[in-house]
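A.B. asks: Using the hints provided, position chain B relative to the given structure of chain A.
Spelled out from the first residue to the last, the chains are:
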Amino acid sequence: MDRRGFLKLSGGAAALVAGNVALFSWVPRAGAANVTINLSIASSNLTMIDGRVLHVLSYQNATLGIQPTIVCQEGDTLTITLNNTLGTNSAFAIANTDIRTDAAANATTTFSFTVPSAGTYIFHDDLNNGVNRVLGLHGTLVAMPAGVKNQPFAGGPTFVRQYKWLLGNYDPVWCDAVQANGDNYVASLANQADSFEPKYFTINGASFDQTHNANTELMGAVGNAALVRMLNAGMAVHSMHFHGNHVEVCSINHVNHADYRKKKDVIPMFPLDTRDVLLPFISPPDIPLGEFARGLDLATSPQHYPMHCHTELSQTAGGGFYPHGMHTGIVIGKEPLTEPDLTQDVAQL
Amino acid sequence: MMNAAMVPMEPPTPYWLTPDVRFEREVVMDITHEYMIAGEPHSVYLWGFIDPTDTGEKTFPSPPMRVKQGQIVHTFLKASHIHTIHHHGIEPTTHNDGVGHYSFDVQGEYTYQWYASQSGTYFYHCHVNTVLHAEMGMYGALIIDPPTGPGTVEGDGIGNFLPYDVEAIWVVDELDSSWREHSEHAALCGGDAGLNRLYPDVFVINGISNEATVLKVGGIDVTQFADTAPGVAVNAKMGDRVLIRYIHAGYFPQKVSIPEELGPVKVIAEDGRPLAVAETLDVVNDQSTLVITPAERKEFYLIPTTAGSFRVTMEIQHWITRRVVGTVSTLINVQ
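Chains as they are written, first to last, in my numbering: chain A, 1 to 349; chain B, 1001 to 1335.
Okay, chain B solo, but in the shape it has when bound:
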């Protein structure tokens, strides 16, 4: 086994190919979101990746990557501190997997090279001291569309492409604001930094909680709520085909409850692989429910037939006691 962790020595990308698509990501470690914690506003310090080829906006989560099945992809990482990018669910060579203990960490620049073999829902995250770096927010969505691009999704049958009219990407996480006090190298060389203990006090979809969340857009403070935030709340018409790409970015089990009035909710794909036969969620107490564990992805497909605003709730359960430690929810508005 190679074990080069903590020794940044990023090499040239082996077997360099001409990519079909290229992303740039640069590490930033000074993102702040203001969340309400115990009734008071608190600035919560976050890390992430920006896209310097776009606006360079410091967002949480990091900007999504979106490619088409069949493309060769380059992800260029620039990091002034030790980080990597692991494209979760993508299976390239060791060199391009972004796990320092098996290849190398990056303190400088590296171009990850990979092939988008299968459409589906993935995500990317830093894989250095992951317990801390992912908790600090170093992740973003990664979507591989079918070769035809957005608008259809493979599922409920291998090679079966379902059209959708409305799409949402929900990245769901719990944050422990006290972890912001850790050094980025906390406990890497031993010592008890308490990284086995998480007491989350912020619960978010795409970085937005149900209470006022203040973030910067174009350098200006903007207040958002999970019930209404763009990209979180879902607006559809009756009969629309709605695709929700659910990414579990936290560490505690998440119980998702979707009101039965929205009709049957099907899981058509999981972890970037289409299901041969869609699985309809069980209905318990008038809610279609499912428990999702860390890093799983689910593609939910539903066709609402009733107008109204319907609240979808994620209960965050303690990883040992299974008690609910918090919730986050949003609305599916059907006209």
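Okay, chain A solo, but in the shape it has when bound:
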């Protein structure tokens, strides 16, 4: 789809756009806007990296795909129509806020709310002790600061690109149980929380080399700082380790750090956490300067690194297959051929 043409065709109305990570975009405007979106709540199949097909529940839209990313501006009025096609009650809640609504089984619900302050938010189904969420009912809301394209919040650090990493865990036993016993089985699983034993670990629904795409793998020339919005929709405690560069901690669960940002190579991610970090894309500081003097040039020899969860159990798929889990790449010294959707959308502001 030609993105600009589509936006032009849409005039001033809200526009849905397609991409590897589906986004919800809108045309430039000076202030807050009314934005509408339709989401169905339905079951679908998700194929894991070893070929295992899992029955998952998700918010979805024919254009947006599953586990969508919604980009708005703080202060916008967002109206969501939820068509719950499942045979069990669902909900739409934004973690760490009071924003939520129920979505009864086999019914359609419409509700509106004011998009909260700039930051990264998980929306999820909070019913059944997190079971609905971990079965796939979650997504991302990015609230951009008013009138700003390249900062996570007014006065925050400047970035060149931005990404979101939505973290998930899947237990095939739970997925199979819901498929076999029907949607309402989620209520039974709520009483068996201790039985949750994830075997698949994903970033944006993908694992390891599935993630080498413009929306997940971080890539840029030296100096092109990237904002990474991390959201933990799973049930496990993760510990995200960045090779190549320490990251600067910009926000932890919407507490922003404007002036002083702690530098870390491991970012704890507890369930329902959202943490935004800036990868500065500096020349890796522990390369001896003598290597550059002898001819090393990052522009012609970009450096490749992993980012992976150091709760190493999450580096598996199906009980083994290291490192085909919560793992992606970082490439320092090279511009991506395709910009991440989140950067493109913000450029439309």
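Be careful, since some hints might not be right.
[Claimed, not checked] Pair by pair, the computed Cβ-Cβ distance ranges are: (1) A:S117 with B:T1305: 41 to 47 Å; (2) A:N129 with B:D1192: 24 to 30 Å; (3) A:N129 with B:H1185: 34 to 40 Å; (4) A:A107 with B:H1042: 53 to 59 Å; (5) B:H1042 with A:F111: 55 to 61 Å; (6) A:A105 with B:V1284: 37 to 43 Å; (7) B:E1184 with A:G223: 40 to 46 Å; (8) A:D259 with B:D1227: 40 to 46 Å; (9) B:E1034 with A:A105: 53 to 59 Å; (10) B:S1309 with A:T47: 37 to 43 Å; (11) B:V1284 with A:H212: 41 to 47 Å.
[Unchecked claim] Partner residues aside, some chain B positions facing chain A, computed with beta carbon under 7 Å: (12) T1094; (13) Y1102; (14) V1131; (15) G1194; (16) N1196; (17) T1293; (18) P1294.
No wet-lab data here; the hints were simulated from the structure.
Everything numeric in this text was worked out from a predicted model, so none of it was measured.
All residues carry an ideal CB built from backbone N, CA and C; glycine is no exception.
C.D. replies: Just chain B, lined up with the frame of chain A:
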């Protein structure tokens, strides 16, 4: 992306420089510690790195590396099976990062070349089938001192160097003795080896648990306890400035509790980077507490003003349920 995993083809180190300091590490896969499990002594099989230029003692954790900020470092690895060394928190070139899937594994010899740009607390570990190899014990502490050497630490201010009188390095881990039955290549090519499941039954600081731990020193069996083991228990005088370098080497969250009687506990640096402003730990139920997640490092700084023996406890929490699955503790003895 390069993907040369499982194809050992270690090249010469690119852009070779003359190092300021050089380490040698050789892989060994026959270390044993005897731990008490369910009231019975069990030999637990461990892997690690020895320093053939020193005593060559087979220790768990592996021998520490210690350098000064500003030095060019060579780490020479010799491995007869497939392994690497990743210097965790050090950010060199891809070739020297020790991650096989992005460069190469080592089955033979390779010299990692890196620069110690920032003083702080790091560690090193094997990055081949890491879920298994790190659990088997293939790690050791890595300390970068300020250019002046040990005795001061940068923290509570960028460029601010705090002196310390007493230093401890605590590497805290949980072990699942049943994982010793895995092949070193377990599930690398698929298949369910259960590497997503960990049921730890041994909890250690620097490889020592609270119950009798039998290890070899100079070929002789020595029994140690975490309450008293050298390098684990901390002995200080009132008014001493105590630096504890905490390295999380496990997979489950660790809740650290330090008795309030020891006074305020400050975190002055994390993950090898000084904090601009130290963070004083929250006190809950008379304990300064903090939850630390896998591979984080914290530098704790405290100045005890009360004499006594004070127990510091690490609760190991399940990574999903957050229930406590075990504890390990030691003492800070203040005279």
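A.B. asks: Each hint should be assessed against the structure and marked as holding or not.
C.D. replies: Hints, one by one, checked against the model:
Distance hint check for A:S117 and B:T1305: the Cβ-Cβ separation is about 43 Å, which falls inside the suggested range of 41 to 47 Å. In this structure the supplied range 24 to 30 Å holds for A:N129 paired with B:D1192, their Cβ-Cβ distance being about 27 Å. Between A:N129 and B:H1185 the Cβ separation comes to about 38 Å, which falls inside the hinted range of 34 to 40 Å. In this structure the supplied range 53 to 59 Å holds for A:A107 paired with B:H1042, their Cβ-Cβ distance being about 58 Å.
Taken as a hint, the range 55 to 61 Å holds for the pair B:H1042 and A:F111, whose Cβ atoms sit roughly 58 Å apart. Checking the proposed 37 to 43 Å range against A:A105 and B:V1284 shows it holds: the Cβ atoms sit about 42 Å from each other. For B:E1184 paired with A:G223, a C-beta distance near 41 Å keeps the hint of 40 to 46 Å intact. Taken as a hint, the range 40 to 46 Å holds for the pair A:D259 and B:D1227, whose Cβ atoms sit roughly 43 Å apart.
Look at B:E1034 against A:A105: about 57 Å separates their beta carbons, and that is inside 53 to 59 Å. For the pair B:S1309 and A:T47, the supplied restraint of 37 to 43 Å is violated, since their beta-carbon distance comes to about 57 Å. Judged by the Cβ atoms, the range 41 to 47 Å given for B:V1284 and A:H212 holds: they are separated by roughly 43 Å. Because the smallest distance between the Cβ of B:T1094 and any Cβ of chain A comes to about 5 Å, under 7 Å, the interface hint for this residue holds.
Against a cut-off of 7 Å between C-beta atoms, the interface hint on B:Y1102 holds, since the closest Cβ of chain A lies about 5 Å away. Given hint, B:V1131 at the interface with chain A, holds; its Cβ is 4 Å from that chain's nearest Cβ, closer than 7 Å. Because the beta carbon of B:G1194 sits about 5 Å from the nearest beta carbon in chain A, less than 7 Å, this interface hint is met. For the restraint placing B:N1196 at the interface with chain A, the shortest Cβ-Cβ distance is roughly 5 Å, inside the 7 Å limit, so the hint holds.
Hint status for B:T1293: holds, given a least beta-carbon distance of 4 Å to chain A, under 7 Å. Restraint check, B:P1294 versus chain A: the minimum CB separation of about 4 Å is within 7 Å; hint holds.
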